[in-house]
Amino acid sequence: MAYQMVFKDGFLDRARRMSGLKSDAAFAGAIGVSESVLSKAKKTGICTPGMVVGLHLAFGFTPGEVATVGELHSDNPRPQQLLTA
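Basically my numbering = 1-based index in the sequence shown + 4.
Check the hints yourself; a few may be wrong.
[Said to hold, decoys possible] Straight-line C-alpha distance at most 30 Å; calculated DSS-like pairs for lysine-lysine:
# : residue 1 : residue 2
1 : Lys12     : Lys44
2 : Lys12     : Lys46
3 : Lys26     : Lys44
4 : Lys12     : Lys47
5 : Lys26     : Lys47
6 : Lys12     : Lys26
7 : Lys26     : Lys46
Please keep in mind that the hints were generated in silico from the structure rather than gathered at the bench.
All chains, please: the whole structure from these sequences, using the hints.
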């Protein structure tokens, strides 16, 4: 089995709304990633360490607020969350 950090359900959309930023491009810039990296994260749910750091520096989120651990399955490209808050 393989495991990956995954965003909590709906986190990225909620964080962008709470940030007050009007576009994904502005939100991506604020957390220090490209718009394509943000788009991929929204599609896959996979949370990179760089995104966790960017979300913390830009908005003060802690890793536990942002992500949980997910199990990767070969038949499903989106990791399944194992832990929920």
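Hint check results:
1. Lys12 - Lys44: holds (15 Å)
2. Lys12 - Lys46: holds (11 Å)
3. Lys26 - Lys44: Measuring from Cα to Cα gives roughly 19 Å; hence the hint holds.
4. Lys12 - Lys47: holds (13 Å)
5. Lys26 - Lys47: At roughly 20 Å apart (the allowed maximum being 30 Å), Lys47 and Lys26 satisfy the hint.
6. Lys12 - Lys26: holds (22 Å)
7. Lys26 - Lys46: holds (17 Å)
Of the numbered hints given earlier, the model fails none.
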